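J.: Just need the whole structure built from these sequences, with the hints factored in.
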Amino acid sequence: MSKQNIIFTSIFIFLMLASLVSTPVLSADSDTHWLIVDATLEARAHELVNALIELLTTRGKIPSEQIHHVEGASATSEEIYAMIQEVGRQTAPQDTLIFLYHGMVTKPRGMNAMHLLTQGDEQGIQDATLNDWFRETGRKRTVVIVDGYTEDTNLNAYYANRETLGTAAFNSIQSAETANPTSLLQQLHDTLTVDTTDTNENRQFSIIESYELLRDHPDFVDGILAPTGDVEAALLKLSPALKITTFPEGAEISINDVEVGNTPKLITENLQQGTSTVTVKKAGYIIPPPKTAELQLELGESVHIGWALEPIAVHGTVIGVSDESPAEAVVWIDRTAHQQVVAADGIYRFDEWKDSGVLNLGETYTLYVKQGDLNYGSATFTFDGYTDIMQSLQLVRRTWFEVAQIEFDRHNHQGAVTAFQNGIELTSDFPQMSPDLTVLLLSSFANAVENQDVQDVTYLVVTAKLAEQHGQPDLAKKYWEEVKTKAEKGSAAAKLAGQRLWQLNRGRYLLNIGLIVLLVVLLASGAWTFWKFRKSKRTVPGNAQ
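In terms of our numbering, the sequence shown opens at residue 109 and continues consecutively.
Mixed in with the good hints, there may be bad ones.
[Said to hold, decoys possible] In silico DSS-like cross-links for lysine-lysine, where the CA-CA straight-line distance does not exceed 27 Å:
id, residue 1, residue 2
1, K389, K351
2, K373, K462
3, K373, K399
4, K462, K478
5, K351, K373
6, K585, K603
7, K389, K373
8, K351, K169
9, K462, K399
10, K597, K585
11, K586, K603
12, K462, K351
13, K586, K597
14, K462, K585
15, K351, K399
Calculated from the structure, these hints are not laboratory results. Note that the structure is a prediction, hence the values are computed from the model and not measured.
T.: Next comes the structure, spelled out in structure tokens:
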């Protein structure tokens, strides 16, 4: 063998070994045996039985040597008995035998016994006889599925069957005249094809689950479906699963640092044998400690991990003005519906996060506190979504103008205007407001002045000042002129109006003075020139005679 071929072969063997190691193989279901009897001559039924057997070996991991099958003309009473005896010799007492019969059944008049009809035997196998055969094997668990079709007209008589087949049974009896003769086989096949048919999520497909699956199906509404005995008995062990839940639901799941979806989730694919670390997180709730899942990757294995999530809290204490009680102070998170009133201890706590009230991750929020009309406090925090936020809030006594700015910043425009009006009732000297608030206030006051006969000079003074703050000198002069006209002569408002008009018109005043001075200079210069001219005329020599 050439060196190149040796290298290629080594790489191939390495990859094969790596794939075997990295892909755990589910162990076979060694303690379950099937005996399937198709006592009909229908080709379609034979096809479905063969497909079902393939699913039992591939998905159910039942070794082919543990699945026994007889059909058609070979499905005689003698052959069925012989196969039951053979299964008994091959199995241990703790193993489970699942017996599936597909064919005609009858319940002779006057008898409380059901007969399974076989080829060449008009009497068939009585239910009690079949049970005797099962007992002869020494098996502790025998599960029976009867997919029966009958020419009997009174199907309800099958409900009164005294004999329970095996230790658990699922009897489906339908009219041979009207029913689809392969409905149950088809449903069993379709059920085993998918991995989600597990109503109680215990990874075992049981008799009662079969009943719940079929009872509302249109193909079975006119027939008899009767689970008896141990209805929790498993018909098939499903692939292993890891169930992850949280309360409340909707938490992100990570297994070994790989995101796999949100709770609740039943995971049946890409599971790893051994120990896996599972973490969950949900915005608005503290990230809980991780948990480990031990998986053997055995059929029917079900591991459930759950958390009751603890909501995070935005909390703290309100401190009153000058150590006064903060009782009745209102605390709220701006731009949300979260609000509460604190008691004398000042403690507040927000920890109820419904899906519609969860804050946005990574966003900065402002906490506000208000007591009475003028005591305010605020603080900001960034919401990371998974850890508690503790923030103390100090109440500070504010002026009405500060309150106006606070309310405006909260987008409470009417509250801002009202607070500003309260402020000017005390003094018309207000600080520089923010540009946007200035526009709002100027618009509000100018509208009132223009549309009403405002006699309160204070409103005119405030409107003029707002116009100046907004950089509108011409508009400001207009209102200062009104102040000068309406204010009492000699009053502070009149004097202020005169001062502001002088300052606003100073350029024009200086220009006028300059023009007057220039005119005076020109007149003086003209007079001087004229005087010089007259004087020069008198001293001309010709004029002396």
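J.: Give a verdict on every hint.
T.: Structure-based check of each hint:
For the proposed pair K389 and K351, the alpha carbon gap of about 16 Å is at most 27 Å, so the pair holds. In summary, the hint linking K373 to K462 is supported, as the alpha carbons are separated by about 21 Å, within the 27 Å threshold. Between the alpha carbons of K373 and K399 the distance comes to roughly 15 Å, so the proposed pair stays at or under 27 Å and holds. Using a Cα cut-off of 27 Å, the hinted pair K462 and K478 holds, with the two alpha carbons roughly 25 Å apart.
For the hint linking K351 to K373, the alpha-carbon distance of about 6 Å falls within 27 Å, and the restraint holds. As the CA atoms of K585 and K603 are separated by approximately 14 Å, the hinted pair is consistent with the 27 Å bound. Under the criterion of a C-alpha separation no larger than 27 Å, the hint pairing K389 with K373 is consistent with the structure, at around 14 Å. Only pairs whose Cα atoms come within 27 Å are accepted, and K351 paired with K169 is accepted, the gap being roughly 22 Å.
At roughly 25 Å between alpha-carbon atoms, K462 and K399 fall within 27 Å of each other, so this suggested pair holds. Proposed proximity of K597 and K585 is supported: the alpha carbons are some 18 Å apart, at most 27 Å. For the hint linking K586 to K603, the alpha-carbon distance of about 16 Å falls within 27 Å, and the restraint holds. Of the supplied pair hints, the one linking K462 and K351 holds, its CA atoms being roughly 24 Å apart against a limit of 27 Å.
For the suggested pair K586 and K597, the alpha carbons sit about 18 Å apart, so the restraint of at most 27 Å is met. For the hint pairing K462 with K585, the CA-to-CA distance comes to about 56 Å; that exceeds 27 Å, so the pair is violated. Straight-line distance between C-alpha atoms of K351 and K399 comes to about 13 Å, which keeps the hinted pair within the 27 Å bound.
Going down the numbered hints, you'll see the structure goes against just number 14.
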